[in-house]
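Number of protein chains: 4
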Amino acid sequence: MEQNTVFQHETSVQIRFNDIDLMGHVNNATIQEYFDLGRMHYLRQIFGERLFINADTLIIASITTDFMVPVLLLDQVAVRTAVVHIGNKSLKMEQQIVDVANDTVKVICRSVMVGVNKDTGNATPIVQEWRDAIGQMEQRTF
Amino acid sequence: MEQNTVFQHETSVQIRFNDIDLMGHVNNATIQEYFDLGRMHYLRQIFGERLFINADTLIIASITTDFMVPVLLLDQVAVRTAVVHIGNKSLKMEQQIVDVANDTVKVICRSVMVGVNKDTGNATPIVQEWRDAIGQMEQRTF
Amino acid sequence: MEQNTVFQHETSVQIRFNDIDLMGHVNNATIQEYFDLGRMHYLRQIFGERLFINADTLIIASITTDFMVPVLLLDQVAVRTAVVHIGNKSLKMEQQIVDVANDTVKVICRSVMVGVNKDTGNATPIVQEWRDAIGQMEQRTF
Amino acid sequence: MEQNTVFQHETSVQIRFNDIDLMGHVNNATIQEYFDLGRMHYLRQIFGERLFINADTLIIASITTDFMVPVLLLDQVAVRTAVVHIGNKSLKMEQQIVDVANDTVKVICRSVMVGVNKDTGNATPIVQEWRDAIGQMEQRTF
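Residue numbers (my numbering), protein chains in the order written: chain C, 1 to 142; chain W, 1 to 142; chain F, 1 to 142; chain U, 1 to 142.
Since the hints were derived computationally from the structure, they do not count as laboratory data. Incorrect hints may appear among the rest.
In silico PhoX-like links for lysine-lysine, alpha-carbon gap of 25 Å or less [stated by the list, open to error]:
#1 K118/F - K89/U
#2 K92/C - K106/W
#3 K92/U - K118/U
#4 K106/W - K106/C
#5 K106/W - K92/W
#6 K92/W - K118/W
#7 K118/C - K89/W
#8 K106/F - K106/U
#9 K89/U - K118/U
#10 K118/U - K118/F
#11 K118/W - K89/U
#12 K118/C - K89/C
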């Protein structure tokens, strides 16, 4: 993750009892649900209802996750989300799960999402309207 | 993933109804449960009951997943697992989710697992006994 | 559960690592995934692809579950499913999660499913064709 | 559910993207995670850290759930929890999942929890200290 990533978006995570596995930590698969939660709230804040109605949507092509510190049942955590790059048909997202009690970054996730048309299944360009809307969230130009 | 990875271990995956999300695909977080399933069966085949009893265990430090083709509810899929490298205190694992009907690789996962002592929480070396046991599975020397 | 319920249908359950919660047992919510698995395989065996294509489908109206013996990570369990009654617009299903190593019944579930039209959301009668198909599975007449 | 149940405890539920299944509703197994969430917050508010440290704990013996109205991805829901009866070694809990936008009760759950000693696995009485603590929450005497 780039050292200079600034996060404009943060969502508190509500931890569930069965998020915890036999190791006593939030399971690594459940951690991905937390990042999904961040993605959904981030994109809904930008696109609102259109996110679910539009034929054009974003799907996840690739995820890289670094587990630095385990997340525990009684932790207060939040997921921070930023889009850091927008290409022709894809974008790069960076996310953190942070212990809000002490601002410790516990897990990092970098993902690539690609534009896809739900009806045809084909890749689709990230249109300028989307770039502008994401740029407004990120306070920069894409 | 290295082109020449040979997989000695494969586990069939039983897909559950609620593995599928609103997109009509197995959710990306659930895909990680499938890779966990492969890890567990792989390690249990090598270490048996000791896997859960030993103070020394392996935890996931990092995961990179590439989603190439969506997994669907009625697919017949299996997860293939191989250890491809063993360092001092960590090992590298490669995995695939394969549609067994047509041998299509749908998802790829590369992960780094580190040895850790459950009691102390400290990193612990991958001992020679483990290297030998994994090497026997992989038909090579670590 | 009626003492005389005979189960014609059984599905093996593949237990996943994160099915287990902090208590060391399969979590009660996950147990419902096992019963869903039984329902899906039962209904697919009867209705095949039509189960997912038809506008008329079955949804769960009510569930009663008795947890007698915890299910553990290394258990070999199966879910048994039977339809025991068909009313005008609903049916009653009985299910068991059984430890196949010793035929111990660990969890029991009785559920009511109602016919519903996916397009209108309205309740819909269980048609005679369905009664006959389920009756063939259960070796009785509905 | 008794008509006169008064709920002193309510927890907001954070809905996750993959809580939704192919039917477009929160899956019935996931609904149980919501009730678990209510249980955990209810019991933690009463017992605090002791809930997880004590050898004596409560496990779920039986659950009856009535699904009246589906829960959807964009709903704002909360889970309400009350203990309505305490016997010698067990207690009865009633819960609702409520759409807070219009105060609609969407799902109802009645459960029986039994006292159990984690070390021995034996049933254990609900001691007077617990009765008093729960009674204080419920503003009545058990």
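Hint by hint, here is what the structure shows:
A threshold of 25 Å between alpha carbons decides the hint, and for K118/F with K89/U the separation of about 44 Å lies outside it, so the pair is violated. Taken as a hint, the K92/C and K106/W pair is honoured in the structure, with Cα atoms around 21 Å apart against an allowance of 25 Å. With a C-alpha separation of about 20 Å, the suggested pair K92/U and K118/U falls inside the 25 Å cut-off, and the hint holds. Note on K106/W and K106/C: the hinted pairing is violated, with a Cα-Cα distance of about 29 Å set against a maximum of 25 Å.
Between the alpha carbons of K106/W and K92/W the distance comes to roughly 20 Å, so the proposed pair stays at or under 25 Å and holds. For a cut-off of 25 Å, the pair hint linking K92/W to K118/W stands: about 20 Å separates their Cα positions. Taking the CA atoms of K118/C and K89/W, the gap is about 44 Å. The hint is violated against a cut of 25 Å. Taking the CA atoms of K106/F and K106/U, the gap is about 29 Å. The hint is violated against a cut of 25 Å.
With a C-alpha separation of about 14 Å, the suggested pairing of K89/U with K118/U holds against the 25 Å cut-off. Taken as a hint, the K118/U and K118/F pair is broken in the structure, with Cα atoms around 45 Å apart against an allowance of 25 Å. With a C-alpha separation of about 34 Å, the suggested pairing of K118/W with K89/U is violated against the 25 Å cut-off. Restraint check for K118/C and K89/C: the C-alpha separation of about 14 Å stays at or below 25 Å, so the hint holds.
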